[in-house]
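*Asks:* Residue numbers (numbering that gives the first Met the number 0), protein chains in the order written: chain A, 0 to 441; chain B, 0 to 278; chain C, 0 to 308.
Derived from the structure by calculation, the hints contain no laboratory data.
Treat the hints with care, since some could be wrong.
Pairs of lysine to aspartate or glutamate residues, derived as EDC-like cross-links and limited to a Cα-Cα distance of at most 16 Å, are as follows [what the hints assert, rightly or not]:
1. C:Lys28 <-> B:Asp175
2. A:Lys438 <-> C:Asp78
3. A:Lys300 <-> A:Asp380
4. B:Lys103 <-> C:Asp78
5. A:Lys372 <-> A:Asp349
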Amino acid sequence: MSHARKRPGTRFAVGVASAAVLAGTLAACGTDTDSTALTWYIGPDGAPAKEKIAEACSTDDYTIQTELLPTGATDQRTQLARRLAADDPSMDLIDIDPVFVPEFASAGWLLDIPDEYAERAVDDDVLDGPASSVKWEDEVVAFPQWANTQVLWYRPSLAEKAGLSEADMEKVTWDQVIDAAADNGGTVGVQANKYEGYMVWINALIQGAGGSIVEDTEAGTDAKVTIDSDAGKQAAAVIAKLAASPAAQPDLSISNEGTSLGQMFPQGGAGEFMVNWTFAYANYRDTVGAEGGPPDEATFKDDFAWARYPRTNPETESTPPIGGFDIGIGAFTDEPDAALKAAGCLTGTDAQVTLALEAGLMPARTSAYQDPKLVEAFPPDLLALYQDSIDDAGLRPASAYYSKISGAVQSTWHAPDTVDPDKTPEESATFLEDVLEGKSLL
Amino acid sequence: MGNKGLQKFGLAAGIALILVWCLLPVVWIISLSFKSSASITNGSPGFFPRDFAGWENYQAVWDNEQFRRAIFNSIGISLIATVLSVILATLAAYAIARLEFRGKKLVLSVALAIAMFPVVSLVGPLFDMWRAVGLYDTWLGLIIPYMSFTLPLAIWTLSAFFREIPWELEQAAQVDGATSWQAFRKVIVPLAAPGVFTAAILTFFFAWNDFVFGISLTSTEAARPIPASLSFFVGSDPFNRPVSLIAAGAVIATIPIVIIVLLFQRKIVAGLTSGAVKG
Amino acid sequence: MTTATVGRRRREGAQLSERARAEDSLGRKLVAPAVVLMLLVTAFPIVRALYLSLFNYSLTAPDDRAFVGIANYVTALTDPLFWRATAVTVGIMIITVAVELVVGFVFAMVMHRVIFARGIVRTSILIPYGIITVISGFAWQFAFSSTNGFINGWLPGVDDGFNWFGQFGSAVSAIMISEIWKTTPFMSLLLLAGLAQVSEDMLEAAKVDGATWWQRLYKVILPNMRAAIMVAVLFRALDAYRIFDNIFVMTAGAVNTESISFLTYRQVIEQFQLGMGSALSVLLFLSVLLVAFILVKAFKVDLAQARQG
Numbered sequence: 000m001s002h003a004r005k006r007p008g009t010r011f012a013v014g015v016a017s018a019a020v021l022a023g024t025l026a027a028c029g030t031d032t033d034s035t036a037l038t039w040y041i042g043p044d045g046a047p048a049k050e051k052i053a054e055a056c057s058t059d060d061y062t063i064q065t066e067l068l069p070t071g072a073t074d075q076r077t078q079l080a081r082r083l084a085a086d087d088p089s090m091d092l093i094d095i096d097p098v099f100v101p102e103f104a105s106a107g108w109l110l111d112i113p114d115e116y117a118e119r120a121v122d123d124d125v126l127d128g129p130a131s132s133v134k135w136e137d138e139v140v141a142f143p144q145w146a147n148t149q150v151l152w153y154r155p156s157l158a159e160k161a162g163l164s165e166a167d168m169e170k171v172t173w174d175q176v177i178d179a180a181a182d183n184g185g186t187v188g189v190q191a192n193k194y195e196g197y198m199v200w201i202n203a204l205i206q207g208a209g210g211s212i213v214e215d216t217e218a219g220t221d222a223k224v225t226i227d228s229d230a231g232k233q234a235a236a237v238i239a240k241l242a243a244s245p246a247a248q249p250d251l252s253i254s255n256e257g258t259s260l261g262q263m264f265p266q267g268g269a270g271e272f273m274v275n276w277t278f279a280y281a282n283y284r285d286t287v288g289a290e291g292g293p294p295d296e297a298t299f300k301d302d303f304a305w306a307r308y309p310r311t312n313p314e315t316e317s318t319p320p321i322g323g324f325d326i327g328i329g330a331f332t333d334e335p336d337a338a339l340k341a342a343g344c345l346t347g348t349d350a351q352v353t354l355a356l357e358a359g360l361m362p363a364r365t366s367a368y369q370d371p372k373l374v375e376a377f378p379p380d381l382l383a384l385y386q387d388s389i390d391d392a393g394l395r396p397a398s399a400y401y402s403k404i405s406g407a408v409q410s411t412w413h414a415p416d417t418v419d420p421d422k423t424p425e426e427s428a429t430f431l432e433d434v435l436e437g438k439s440l441l
Numbered sequence: 000m001g002n003k004g005l006q007k008f009g010l011a012a013g014i015a016l017i018l019v020w021c022l023l024p025v026v027w028i029i030s031l032s033f034k035s036s037a038s039i040t041n042g043s044p045g046f047f048p049r050d051f052a053g054w055e056n057y058q059a060v061w062d063n064e065q066f067r068r069a070i071f072n073s074i075g076i077s078l079i080a081t082v083l084s085v086i087l088a089t090l091a092a093y094a095i096a097r098l099e100f101r102g103k104k105l106v107l108s109v110a111l112a113i114a115m116f117p118v119v120s121l122v123g124p125l126f127d128m129w130r131a132v133g134l135y136d137t138w139l140g141l142i143i144p145y146m147s148f149t150l151p152l153a154i155w156t157l158s159a160f161f162r163e164i165p166w167e168l169e170q171a172a173q174v175d176g177a178t179s180w181q182a183f184r185k186v187i188v189p190l191a192a193p194g195v196f197t198a199a200i201l202t203f204f205f206a207w208n209d210f211v212f213g214i215s216l217t218s219t220e221a222a223r224p225i226p227a228s229l230s231f232f233v234g235s236d237p238f239n240r241p242v243s244l245i246a247a248g249a250v251i252a253t254i255p256i257v258i259i260v261l262l263f264q265r266k267i268v269a270g271l272t273s274g275a276v277k278g
Numbered sequence: 000m001t002t003a004t005v006g007r008r009r010r011e012g013a014q015l016s017e018r019a020r021a022e023d024s025l026g027r028k029l030v031a032p033a034v035v036l037m038l039l040v041t042a043f044p045i046v047r048a049l050y051l052s053l054f055n056y057s058l059t060a061p062d063d064r065a066f067v068g069i070a071n072y073v074t075a076l077t078d079p080l081f082w083r084a085t086a087v088t089v090g091i092m093i094i095t096v097a098v099e100l101v102v103g104f105v106f107a108m109v110m111h112r113v114i115f116a117r118g119i120v121r122t123s124i125l126i127p128y129g130i131i132t133v134i135s136g137f138a139w140q141f142a143f144s145s146t147n148g149f150i151n152g153w154l155p156g157v158d159d160g161f162n163w164f165g166q167f168g169s170a171v172s173a174i175m176i177s178e179i180w181k182t183t184p185f186m187s188l189l190l191l192a193g194l195a196q197v198s199e200d201m202l203e204a205a206k207v208d209g210a211t212w213w214q215r216l217y218k219v220i221l222p223n224m225r226a227a228i229m230v231a232v233l234f235r236a237l238d239a240y241r242i243f244d245n246i247f248v249m250t251a252g253a254v255n256t257e258s259i260s261f262l263t264y265r266q267v268i269e270q271f272q273l274g275m276g277s278a279l280s281v282l283l284f285l286s287v288l289l290v291a292f293i294l295v296k297a298f299k300v301d302l303a304q305a306r307q308g
């Protein structure tokens, strides 16, 4: 029995020690000893293309490895923020959704970008939308990587039935779109699940009516809540109208960017008007003949078109949503110099052209749009529409408390069929104020 | 006679009910794993796949490095946690079953309290502690909480088993001329082994199943276990969950459980019920 | 209790007393590592949560950390979201445990009587028990899905396009079905153990006295299984109260299906509100204690005794 008496402590210690050693060696085996390894945390959009870019941007001094982030913007933020809060030195290069740039920057999680790099990151070549998304308190804190925007994708045959000409489509309103679909057996595709995509829609509707959700966002929790306005009511009216219309898709309350893709060329039915990101073009181009895609090449060519994001208000030019990704550099990286150099390459024109060609993720740089390969791959009017949309885009509130703002709006505006123009904007204003002040749980 | 026949029929119906209840969702997830990803994207309702995808989904999941690493993490973390937890539990259970000491009741109460502990209420402070001491996103950072939360179950199961062991045999063997070590090894170990083994299986199940710690205390493949990895699984289409791939991954992650159940069903049942029987 | 033992030992002589002391010391040494580890991961963090809960502290704005006293608790306890989550949790707990108890009892009866195919029945009943909860959640979520599932097609009177996760009632039902499927086997095994304790002689005697099947069930079987039923209910109820995995996977808290555990998780891990999140952690901990207390009082059962045997 004397064995047993001494064992507990030592056995435990040995066990823990061996576990620690094991964990340590596992962590270490990923690193290459010859050159510095940089880790690039990539969003899943266009991951294979990004891996190629990472390889192309690796040099003799450093190798860029990729690490995949989860799908949704909210999940990505959670994953990144947890690592950054843990002062993780392996966070070298990070794909960040532009809406979280202010939050990360104000938490001190992003490396300050030295002027020489900052100037190149947002030089004149970069479109206005993405350029402003990487600034926080007048400092450049990230590199614009690619820019996304939403346009209205539709079936000309459906628009024609409703008497909407191509010229009409250029300044079409949400009212017109919903009526056109409802009266002609079509549907309207939007993103209205309780997630960031719904916030994108609400924000675009409100800005399209000349309003905003919050103002004075640099004041943090003291920002001025402006959602309870005429613009807010007009936005709510659009959502309520669609939710009550036969044009609404059955999964409206859980719809996302993927759910309405299949409704464009349904088996029987007139198709849809769909607001969606730029990837939709490549999606249909690549699914001709496949289930859910255009039945044949001719249909794709002749009965699939695009127009600027619909107007909330007939008199006011729409403000299309902007998305995309920026690349930030983790504040705790061991290799700031290499990471800065790498970020320049990863967001350069060549990289942006690759992303656009291989993944349909559109460039943030004007020069990339002029690349012959891109001009060949996309219809010229589509490229022009993208650039206009990105330039005129309406940003979502740039606040360090963005996730609270977005969460509060989503929770009062979801589900779409409960939206009431007379109540919802007012309720969401009160709730948003309470949430910002920490008086309400979110 | 009629009554007997009725009883037999009822029993057969009962067995059928149990089998359908237990196996239908399992068959479903297997069936789902054979639906092609294209048909999933476009919607393919129904129990059985309309176009059989073959091993395509399994191949894709297995080729996914994140998934392979998650399987590796889960196996490694669960095994280490199991071994360490069972060692500590064996010591404690031996003391509880065989020795009189002050605070015995307290130990049992602590174990009981921990078995009921709301795990979620710990992840915040644990996350904060782990990031401070560098255990965040490491194997050890999961092994420690897994051990703490499996110890109660292991201690109960083991002390129930140990109480059943006729310890007098040890003395009898010593009287017959065996040394105390021989007596322990030849007599006690074979008697205690099934209990230890059962505790190990139950502990392994817990660690394999855990989700809350798995998602809260990890953020990369360095330590992310299977359940967390499945819930974050991203396919080639960023907007649609790769349902059939997740199903294939789920089937792969269930294989170890099925093997353990097939081999050791008797022991698991004994272990699960040992504590409660005496009540 | 301790003094009584020591007193008894003392009367039995000095030599024994010394042995008792050695035994006492060995016993404590043997349990020490397990106890220390269990407390390290529970007691210490919960104390820390208690401390953090008094601050307004967000990880994304660490410099703004400020002492706010019990303000977080006041906010939580006056917030409709907190009470809604609590109500959802309690509702899920009561319904799932009730269904599991009935179905689990039927399963236990069958397993108790079954002679042929014993191994197959036992193996299949252990599969839901052993399967990962997340996988159960996925399996049922996909089964209920209108695009790729089969349940809409199988259920009469349900439209093929019906979206189970679009509204509270059907979404929470789907969650509960996954929960019940996965945990009924555990319940039935505990009940099976209790069933084995019911003496066949007593049942035979009741039969001879002319008792019907129902009378035997109510008068003989159930009273004799009381302890097993209580242990099973208590453990399952506390487990159900902590429901998290299924909700995370199946609805992520949408359409008001958020449980108290999920709410806490979101505050801490998704919103990085360590202050408010800690306050919710403490409230969750206290509410589990309260539920345990109510159940133990209601059953008048000494749980430690029941497990200890």
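*Asks:* For each hint given before, does the structure comply? Return the numbers of the non-compliant ones in rising order.
*Replies:* Numbers 1, 4 - these are the hints that the structure violates, sorted from lowest upward.
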